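2 protein chains.
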Amino acid sequence: MGWGDLGVYGEPSRETPNLDRMAAEGMLFPNFYTANPLCSPSRAALLTGRLPIRSGFYTTNGHARNAYTPQEIVGGIPDSELLLPELLKEAGYTSKIVGKWHLGHRPQFHPLKHGFDEWFGSPNCHFGPYDNKARPNIPVYRDWEMVGRFYEEFPINLKTGEANLTQIYLQEALDFIKRQQAAHRPFFLHWAIDATHAPVYASRPFLGTSQRGRYGDAVREIDDSVGKILHLLRDLSIAENTFVFFTSDNGAALISAPRQGGSNGPFLCGKQTTFEGGMREPAIAWWPGHIPAGQVSHQLGSIMDLFTTSLSLAGLEPPRDRAIDGLDLLPTMLQGRLTDRPVFYYRGNALMAVTRGQYKAHFWTWTNSWEEFRQGVDFCPGQNVSGVTTHSQEEHTKLPLVFHLGRDPGERFPLSIASTEYLDALRQITPVVRQHQEALVPGQPQLNVCNRAVMNWAPPGCEKLGKCLMPPESVPEKCSWPH
Amino acid sequence: MGWGDLGVYGEPSRETPNLDRMAAEGMLFPNFYTANPLCSPSRAALLTGRLPIRSGFYTTNGHARNAYTPQEIVGGIPDSELLLPELLKEAGYTSKIVGKWHLGHRPQFHPLKHGFDEWFGSPNCHFGPYDNKARPNIPVYRDWEMVGRFYEEFPINLKTGEANLTQIYLQEALDFIKRQQAAHRPFFLHWAIDATHAPVYASRPFLGTSQRGRYGDAVREIDDSVGKILHLLRDLSIAENTFVFFTSDNGAALISAPRQGGSNGPFLCGKQTTFEGGMREPAIAWWPGHIPAGQVSHQLGSIMDLFTTSLSLAGLEPPRDRAIDGLDLLPTMLQGRLTDRPVFYYRGNALMAVTRGQYKAHFWTWTNSWEEFRQGVDFCPGQNVSGVTTHSQEEHTKLPLVFHLGRDPGERFPLSIASTEYLDALRQITPVVRQHQEALVPGQPQLNVCNRAVMNWAPPGCEKLGKCLMPPESVPEKCSWPH
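So the protein lines, in turn, are chains A and B. Just so we're on the same page, this note's numbering is the position in the first sequence counted from 1, plus 13. Just so we're on the same page, this note's numbering is the position in the second sequence counted from 1, plus 13.
Isolated chain A, as found in the complex (with noise of 0.2 Å):
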């Protein structure tokens, strides 16, 4: 999802009058950011409150190439990593995933062997359907086991694009809050639902209802979930007890724009790039009697900032023996204190892009290769920035592109090199990526490998089914990144 896609945010249509209602009851974050313009790293930053490049979640067989969990991938979220809710258990909470995982799908990768004590979802994206023979059908998991796949048991209609998985989530979302509430048990609920993404879908009483076609439906759903559970929560006079902070795990896709395709607002560009359109969020928290109503903030926020936010909400501080790239949000949500930081913006291995302030600098510019534009694959339709939205990686290091984000948020105008605004705005991010880069520790990267013998073929549960599929053999290989 974009962030574009809310009406309090411009969308056109107006399709979230409840987003659009918790950000009039709390705090709207315009400069918000997720740490990778691609689902997997992004979701992995979120949980471990670390750049992609620190935990793994990036590869090496390319520069600068975006790189995910789908099926045939061997890695997945180290052990050595700390995710919040294996943290939050410290301070007692119960932890559930409900949606997409996208951490790894094999069994060390599990949800419930990462700190959650509850899982519905999937492992990886609703892509398909499959044969079941060159590639299995995505498993859908309760808890340890799966209990069947997409486009079987969990049907997605592409023609008509009808699912009723949100809803499903939804019910899973608020079971989940009832039974803590009833237990008086302190929870984490990680609601990571995928409507918005390609094939996107929408159930049934909202297909047809936006103006905006499938892609509208689906944020419409998306809101009226939401609307549900902040309406749970009231109900369950919970409210003031319990933090709810909604974001994106990157821009919206334009490359199926318009019939699949959301909106970045006035941003450059979109998911898969590190333009703002590809990595600036959507963002609002929500926490009725402590967050005030009805604020903004131009704090530059992260979305590894909800780890550490989270852990302090819990009374916890963030592990002191890794780096953690997450700030903690409470002071900026509470008191309103702007703190200084910079956002860098990674695309795989390659620090592309940092923002400072007002400033942001591109070290590199890249949408994708000629070859694929060529085919039509374009992350910036009707957006070509000449020498900005660049088909081939362009090196700026010795002398960045930098823009001025609040005169020009959609990256068109870039500084003259020669202006003093130009210098000074360096003169602020050059030292701040010089200690980045001497401290950065690169984890092990994980998404160098793929075997398709490690695809979805037999899942925990698909004896109890029926389900269990003979994996090929074993022929590890260099995954393909192509952008």
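The hints are simulated quantities; they were obtained by calculation from the structure and are not laboratory data. Some hints could be false.
As the list claims (entries may be wrong) - Facing chain B, according to a computed beta carbon distance under 8 Å, are these residues of chain A, among others:
1. 22
2. 91
3. 226
4. 271
5. 369
6. 371
7. 394
8. 420
Unchecked claim - EDC-like cross-link-like pairs, simulated, lysine to aspartate or glutamate; straight-line CA separation at most 20 Å:
9. B/241 x B/188
10. A/172 x B/434
11. B/172 x A/434
12. A/241 x A/188
13. A/126 x A/156
14. A/241 x A/434
It should be emphasised that the depicted structure is a prediction, and the values quoted were computed from it without experimental measurement. Using N, Cα and C, we set each Cβ at its ideal position, and we do this for glycine too.
Since the structure of chain A is already known, use the hints to place chain B on it.
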């Protein structure tokens, strides 16, 4: 000012807390349009309720040329046009225009000859400074007489951007409202400010206070002023008896972006063009106790509706002896009703496009000429859409380019002419276009002839100030409208 310049429409810097609150207390129109992508024709449309092609606010010097009222223009608002303040007189209203009039600066076009009772402001844009030899500086009027000139008695510092004009205009507005309230007189205030128009200015307390530079400073000052006006209405206990509407006369100019350019949100191009960025406008209706708070209406609205709606509020009917393009929006605002109506996008004498429902059909596409474009004049910087943002006037009357504005607000993906959707859309649009064109009686074009002798050399009142200048010899000539 552009659609995207308000926080409530998604401007990331969120500089408009007062306008955002106005929207939260009233009704927001995401699909509201001006009648022309340029100031003079658009302001004529507001005050007459008629398309500029009817009132004469266009040129036939070239096809599809934007024309306005620089001070060499000979024409202006014809006497035969009935302006809103003229009609409101019948219901006992006192009317004042504060700011830019722009419907002609010669004596017969004076706003006090067209229904206004008071005027403080200028007849033309605040371009300058001029040398008072080749061109005079633009006068500032109080009612019938000039009281000074821009860059002289009313300084605008082009270097710092400092000018006190919005503050003066604000005081004029507050003073007028107070006087009418004290006299228990119904009133119409047309607060026609121009701080976001190049050269962009703000007063000292606002300069340097936004994240967007001078343009954002100007937006902040306008927002602050709107807040003060609404506050006064509440203070005087006439808020529930006063209908307030905020909108703009054209999309943000992108030609001077980013230094003096605003935001049209996700829409294509800006001022001067008939793409959405040029003509879709911010629009907020506010009438506490009548318009329910926090509403969003997807009614296709027009600046011309303000004419008809204002008459309706005063218990008057629009004139029956002429075509009126404005709708009465009261049923929309008070009962949430939606009316099917087309939006016509004119550029000069050419009907460029029509929107009905979600579909927009372009009959002509043009940004500006290759010649201008090669000189660096770009109305769509960083937004080139092949075959759409064309630099020659492309005719599509036989096979219009059609966009679905819900899925594709940025006009990047024309519908396939082979699709059923395309044919259905045209089936909706074609009859309203035919009907419109068959019934259309174009007014006598007012913006064809220019003459340096008619400039503001010796406006009424200049003698008292010793500021009369000698006009040159009268040489009427065709105005040059390059785009």
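Verification of the hints:
For residue 22 of chain A, the interface hint holds, the least distance from its beta-carbon to any beta-carbon of chain B being 5 Å, beneath 8 Å. Checking residue 91 of chain A against chain B: minimum C-beta separation of about 36 Å lies over 8 Å; hint violated. Given hint, residue 226 of chain A at the interface with chain B, holds; its Cβ is 5 Å from that chain's nearest Cβ, closer than 8 Å. Here the hint on residue 271 of chain A is kept, as its CB sits about 4 Å from the closest CB of chain B, short of 8 Å.
Interface restraint check for residue 369 of chain A: the shortest CB-CB distance to chain B comes to about 14 Å, outside 8 Å, so the restraint is violated. For residue 371 of chain A, the interface hint holds, since its Cβ comes within 8 Å of a Cβ in chain B; the closest pair sits about 6 Å apart. Because the smallest distance between the Cβ of residue 394 of chain A and any Cβ of chain B comes to about 5 Å, under 8 Å, the interface hint for this residue holds. The interface hint given for residue 420 of chain A holds, since its Cβ lies 4 Å from the closest Cβ of chain B, which is under the 8 Å cut-off.
Distance hint between residue 241 of chain B and residue 188 of chain B is fulfilled; the C-alpha atoms sit about 12 Å from each other, no more than 20 Å. Only pairs whose Cα atoms come within 20 Å are accepted, and residue 172 of chain A paired with residue 434 of chain B is accepted, the gap being roughly 17 Å. With a CA separation close to 17 Å, the supplied pair residue 172 of chain B and residue 434 of chain A stays within the 20 Å bound. Distance check on the hinted pair: residue 241 of chain A and residue 188 of chain A sit about 12 Å apart at the alpha-carbon level, within 20 Å; holds.
In summary, the hint linking residue 126 of chain A to residue 156 of chain A is supported, as the alpha carbons are separated by about 10 Å, within the 20 Å threshold. A C-alpha spacing of about 48 Å is found between residue 241 of chain A and residue 434 of chain A, which places the hinted pair above 20 Å, so the restraint is violated.
Of the numbered hints given earlier, the model fails hints 2, 5 and 14; all others are met.
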